[in-house]
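S.K.: Chain by chain, the residues run as shown.
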Amino acid sequence: MSAVAGIGLRALHLAEIARDQPATGFLEIHAENYLGASPARAAIERLRESYTFSIHAVGLSLGSADGLDEHHLARVAGLVKRLEPDYVSDHLSWSVHGGRYFNDLLPLPYTEEVLDVVVRNVGRLQEALGRQVSIENPSCYLAFAHSTLTEPEFLAELARRSGCGLLLDINNIVVTAHNLRLDPNGWLSGLPGEAITEYHLAGHAVNDCDGEPILIDDHGSCVGPEAWALFDAAIRRYGVRPTLIEWDTDIPALSVLLDEAAKADRTIATAGPDAARAA
Amino acid sequence: MPLALPDLQAAFAAHVTGRDRADLVACIVGDTISADARLRIYRHHVSHSLSAALAATFPTVQALVGEGFFRTLAWGFMAQTLPGQPVLAEYGAEFPAFVAADEPARDLPYLADIAWLDWALNVVFHSPEGRRLAAADLAGIAAERLPLLSISLPEGASLIRSRYPIDRIWNASQPGASADTVDLGAGRTDLLVLRRGDDAAFIVLDAGEGAFVAALAEGMSLETAAEKGMSAEPAFDLSTAFARLLTLKAFAASQHNLEG
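From first to last, the protein sequence lines stand for chains C and X. The working numbering puts the first sequence at residues 9 to 287. The working numbering puts the second sequence at residues 375 to 634.
Only true hints are included.
Here are some, though not all, of the chain C residues that point toward chain X, as calculated from beta-carbon distances under 7 Å:
1) GLU40
2) SER46
3) GLU220
Per label pair, the in silico range of CB-to-CB distance:
4) C:LEU20 to X:GLU601: 43 to 51 Å
5) C:SER263 to X:THR406: 36 to 44 Å
6) X:SER423 to C:VAL214: 14 to 22 Å
7) X:SER552 to C:SER263: 29 to 37 Å
8) X:ALA378 to C:HIS79: 24 to 32 Å
9) C:SER263 to X:ALA467: 34 to 42 Å
10) C:GLU78 to X:ALA378: 19 to 27 Å
11) X:THR446 to C:ASP256: 22 to 30 Å
12) C:GLY131 to X:GLU597: 53 to 61 Å
Residues from chain X that keep clear of chain C, each with C-beta distances beyond 10 Å, as calculated:
13) ASP397
14) ALA467
15) ARG535
16) ALA551
17) LEU558
18) ALA609
19) SER613
What the hints contain is simulated information worked out from the structure, not anything from laboratory work. None of these values were measured; they are calculated from a predicted model. All C-beta atoms, glycine included, are put in the ideal place defined by N, C-alpha and C.
With the hints as extra help, turn the sequences into a complete structure.
M.R.: Structure, rendered in structure tokens:
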């Protein structure tokens, strides 16, 4: 079968990919790294002839009560227009308040009030881009006591009301479930499968917090065994989708990312009949 | 009492930038890991990731002062100025001025100029290369109009004028550079920072060229800029300097330039 899994394209690997053009399902870039007219963006535009692209934004701050930054939105829309990617996504989180950007995927309470805000912001984003976007579940380190919906319930309702897709980050489910004492398989089971458009896979770190282990979503290692098992469960339940290997810190040789993508493809092949039925 | 989303985000923004907010802590589920400890993960990530973003934009400053002192500088700067938007390559425009005013950093008087150079290289890297002025572009212009031309720098390019030999300091700070010492008394330097192919680069200018390019960048005509060059360096020769800078593709080929 042809490759389904793709890799996150990092600046360190750009020249090697341009030269060797390795086979991979698709390439995903972070929108915010390619908004200027840098040589890197020119290189990406040349690669567009050979690869399917995904644009993954990290700074739209879809959970901001203030609404979206229209200037930033216009720049992202400009990149989407130039690159015509197959997929566009950002996160269920916020990172901007009062015109200041915190460079983190900050958590939201899951309430009707917040649902209204996110539905409105995602609607504005989809209107500006003229297309569907997918929203990714974040990795969480805390929960708000006044949440009235679970995260899967919130995502399902967001997809239903805004028409957005869902990007299921398998590692983030593992991280969130561990940190918030949830059952990852239970978390996985309550989603509208038809809304799922993409899977993300990555590694995490284990840090100490108040003398207890807490999982940190650092994207700095190979995908762990729990995430592989949950990925297998996800594709058997919901079917195969474009799947991405993400790696953002301590970035290894390109071959390591391609090996991880090949491992995802083998998992997909093994789950084959079940996954095909689910799809 | 749960906070409404606008208030919660205001409290969270305050908390992650170092001001403890009890009303926020009260909204968060604590168990064997306390709400405070959970919030600290976000506070830690915000400060470390922004400090890392500044280090990526100001690599030569970090190489000169070391990671520990750089982090102190970065945290001091972040307390004053957070990014106004999510493109991290555009964060740090005010950092060189912060370094210039920072008391502990004054032991390294050239450090702020190195920060300006790092920033200028970053800006130009994210600017389009654009077509450059070539001798052929000037061939059709009547000789008597040439002195009146305004010549502009390429988009994103800038001139850095320092009392210190910052080109040598910069070169000696690059990964793999030999450990030669730089004589700080070697005198002033003018650098023209511009995109060259896929790289950000700088051209070392002599005193006359520096004054000449500075005048052009301010919009003065070729003739007036040449006078500035000569008053800075009596040996300045317009045709020699202009030919050298054209060869180095130092000017933009904008319509404005050619229309004079």
